[in-house]
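Protein chains in written order, with our numbering: chain Y, 1 to 281; chain Z, 1 to 332; chain B, 1 to 257.
Treat the hints with care, as some may be off.
Said to hold, decoys possible - Computed far set for chain Y versus chain B, every beta-carbon distance over 12 Å:
| # | residue |
| --- | --- |
| 1 | N13 |
| 2 | V70 |
| 3 | R162 |
| 4 | G166 |
Claimed, not checked - Label pairs and their in silico Cβ distance ranges:
| # | chain 1 | residue 1 | chain 2 | residue 2 | range |
| --- | --- | --- | --- | --- | --- |
| 5 | Y | A174 | Z | V51 | 24 to 34 Å |
| 6 | B | S155 | Y | R272 | 43 to 53 Å |
| 7 | Z | W55 | Y | I39 | 37 to 47 Å |
| 8 | B | S155 | Z | V51 | 22 to 32 Å |
| 9 | B | Q132 | Y | D111 | 32 to 42 Å |
| 10 | B | L86 | Z | P150 | 34 to 44 Å |
| 11 | B | G80 | Y | R272 | 52 to 62 Å |
| 12 | Y | E60 | Z | D130 | 18 to 28 Å |
| 13 | Y | K100 | B | S182 | 51 to 61 Å |
| 14 | Z | D130 | B | S155 | 55 to 65 Å |
| 15 | B | I67 | Z | T208 | 11 to 21 Å |
No lab work stands behind these hints, which were simulated from the structure alone. We put the beta carbon where it would ideally sit given N, CA and C, even for glycine.
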Amino acid sequence: MSSRRIVWRKSLNYVMLTLTGIAAFAVVSVLFLILGYLIWNGGTSLNWNFFTQLPKPVGETGGGMANAIVGTMKLLFLAAVMGLPIGLFAGVYLAEFGGKTFSFVVRYTTDLLNGVPSIVIGIFASALFVLPVKHFSAFAGGVALGIMVIPITVRSTEEFLRAVPGNMREAAMALGASRWKTIATVVLPAASGGILTGMLLALARVAGETAPLLFTAFGNRFWSQGWGQPIASLPVMIYTYAVAPYDDWHRQAWAAGLVLLALVLVSNLGARFILARSKAV
Amino acid sequence: MSAAATTIAHEVPPQAGPRAFLHRLRRGDEIAHLITLTFAAAILLITSLLVYELWINSHLSRTHFGWAFFWTKVWDPNFDNFGAAPFIYGTLVTSVLALLLAVPLGLASAIFLSELAPRNVSDTISFLIDLLASVPSVIYGLLGIFIVVPLMRTTFGPLLIHTVGNLPYVGALFRGPNYGVGFLTAGIVLAIMVVPFIISVSREVLLTVPREQREAAMALGATRWESTWQVVVPWARTGIMGSVFLALARALGETMAVTMVIGNAAVINTSLLAPGDTIASTIANQFTEATGDLYLSALIELGLVLFLITFILNGLARILIVATERGGGRPA
Amino acid sequence: MEKTTSPTIEHKQRLTIANLNFYYGPKQAVFGLNLKIPTNRVTALIGPSGCGKSTFLRTLNRMNETIRNTRVEGEVLLDGQSIHALDVVGLRRRVGMVFQRPNPFPKSIYDNVAYGLRINGYKGRLDDLVEQSLRRAALWDEVKDYLKKSAFALSGGQQQRLCIARALAVDPEVLLLDEPCSALDPVTTAKIEELMFHLKDSCTMAIVTHNMQQAARASDFTAFMLDGHLIEHSETSKLFTTPTDPRTEAYITGRFG
């Protein structure tokens, strides 16, 4: 056992361990770089008009993205109305009722759906609601986002329901409550914090989705005329403005990026906060 | 159903049969069961419908081009001639580049978080990295356009051309015009996007490696790095592979960030600095402009291909991750 | 209060532990422990669970340093040298350890045994040393035809002997055994005790056990610990027949623990 070898092994130890630390540090600094750059560029471009005005016609500077902010909210509302109930009830089924084979199939399909690239979901929604009528619509965009909400909600709902201790169910049933009463009055309330978190995270994730909206909700430089009409959204606006050749549009894209990131990060943090609170109780 | 069965239905916990079913129905359990079952079945319906729509709507293209679709190098909407080869090539090249960059970085970070950092530091950093994973892809694209592309055009691109570009063999990858947009830029942006997934899944599986394994190695006089690299990582390797597959599936399907930085050119080019296109970016760029039926059908077939690839990869990833978490690493 | 009756034999001492204290954060687990572990003998550490015997054992190869927020005070001398002055990697090569549950690596039987040799850059014929180590661990005959097979294919008892072989391969001066038989059946336990008897020629051993019969059968010296204190230490035959401390007597006659 030569001491040369020991020195070599120990040096390797220190070098490699240091490298892992540098790697972790590098990844975290990317986050701060993104945040910093976005806050800097977005912050200097952001003003009150951004929230209150419509986009100006090409060539004119100024204006805002009020329609896109409202549009994103409308699309999220549609996604929530369509996706969350399916996700919630299917999650309850998997956790409380499911048989073996059918549950396996549902679970597997849910994971499959979760892994489908968002652009493919966009094609799907488009094939269902846009291509047949040859007309983009907010509704089709909401469907696309709603489908993406489902798998995340299912898995988190099931997970949190399963985490409810079995003796709680037994206690309720021993008092004469039927199965669904037990679920509705004891199990679901006990898991509500977690389930809510999962839903919020699901909405936060689709809030930033662009690809499924490109050929469903499309985009709109004005207020949307209804659920059957094209509608603007923040992510699509960021995309169109970023790839356009105008400096003023780039400025607006940064502002929209900051608003979108704030929306997503705040709902993520909020979701974690709810979860921490509900766990502490 | 015999009469006897109806009379005992009240005493014996009913298992099956229409009478027993009605009994439970009255208690409300069956209704709840049915309702939730319907919603669960809706997921199957939606997914089947998705596959069906992709299949039906790509019919024209599938019958027109057959298997040749996959190796035809021309994508010419003007003459209704469509081949997927440039996009399959672009998708593979950008994804592989992303993994080459992201796997070492992600694995190293995961090792740091699971083996070295104190638990509270590790949890904080993991939390930040999870936030990184939730940043929308269009924002990565935005940063790609305004940070990575200019850097590639002014600094890294010329640097690569003048150094690695002069080497034999590998040099071919770094030659020709440098626009800033292209395969390498897309690969870098993708790497930044998938690294959080690799870290977070790998860290989880590394943390499931039993303490005894680390102790056994160290009790034999292994250094910390030796015990980590020779014992802990091999134990967790199937799970780590799973995280890589997940990252790959995401990189292949990623649309916006890639569309914004790859340059959008339907050509196969050996240079990594050249512009190209991926399956997802082509669909994103051309779907709304697709005028002819065959054009649209070809784009939907691209979607079908993308769906099948990610389907297979996600399946593999899940099997690998479940295998590690259940049984721990099994030696080959 | 501390009554440490050191064995009254004029034997060479491989390990000398002087005034050892050990803390998990603010909680003290070992209190002012003094003990000598004689060369080429088996010393058993007994006591009720949670008395600190495993913790103590793990201070001898500084294994506790892998646990965060722990602190050790006092001195441990290996052949007269402080183990805290030694390089920890080198120390652990000289002081091997066998754990409570078999923990083979996810590698082949051969690679498990060869692991310690390889990391230490052993230059000789690996095959010979692997065979020799497996023989010393009384496992060779059972596995000689399956050396390339996974270590997980072995039974629990075989895995534990493989772990002993793995520890022996780097030729340690001391072997620490932390309840090595607690997960094993009686037949395998007997095999391992026999193995320890043969290993005495080349190796100093310290074994933690909750099984008093095992301590009585397999050890030359026994130390009894209670709540982090060393209560009594003497030749095994003496400790089990004429204990001097009433607490030792209470323990070995089964009145607690």
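Here's how the hints hold up against the structure:
| no. | hint | verdict |
| --- | --- | --- |
| 1 | N13 | 9 Å, violated |
| 2 | V70 | 51 Å, holds |
| 3 | R162 | 29 Å, holds |
| 4 | G166 | 29 Å, holds |
| 5 | Y:A174 to Z:V51: 24 to 34 Å | 46 Å, violated |
| 6 | B:S155 to Y:R272: 43 to 53 Å | 46 Å, holds |
| 7 | Z:W55 to Y:I39: 37 to 47 Å | 46 Å, holds |
| 8 | B:S155 to Z:V51: 22 to 32 Å | 48 Å, violated |
| 9 | B:Q132 to Y:D111: 32 to 42 Å | 51 Å, violated |
| 10 | B:L86 to Z:P150: 34 to 44 Å | 55 Å, violated |
| 11 | B:G80 to Y:R272: 52 to 62 Å | 56 Å, holds |
| 12 | Y:E60 to Z:D130: 18 to 28 Å | 41 Å, violated |
| 13 | Y:K100 to B:S182: 51 to 61 Å | 37 Å, violated |
| 14 | Z:D130 to B:S155: 55 to 65 Å | 42 Å, violated |
| 15 | B:I67 to Z:T208: 11 to 21 Å | 18 Å, holds |
Violated hints, in rising order: 1, 5, 8, 9, 10, 12, 13, 14; the structure is consistent with all others.
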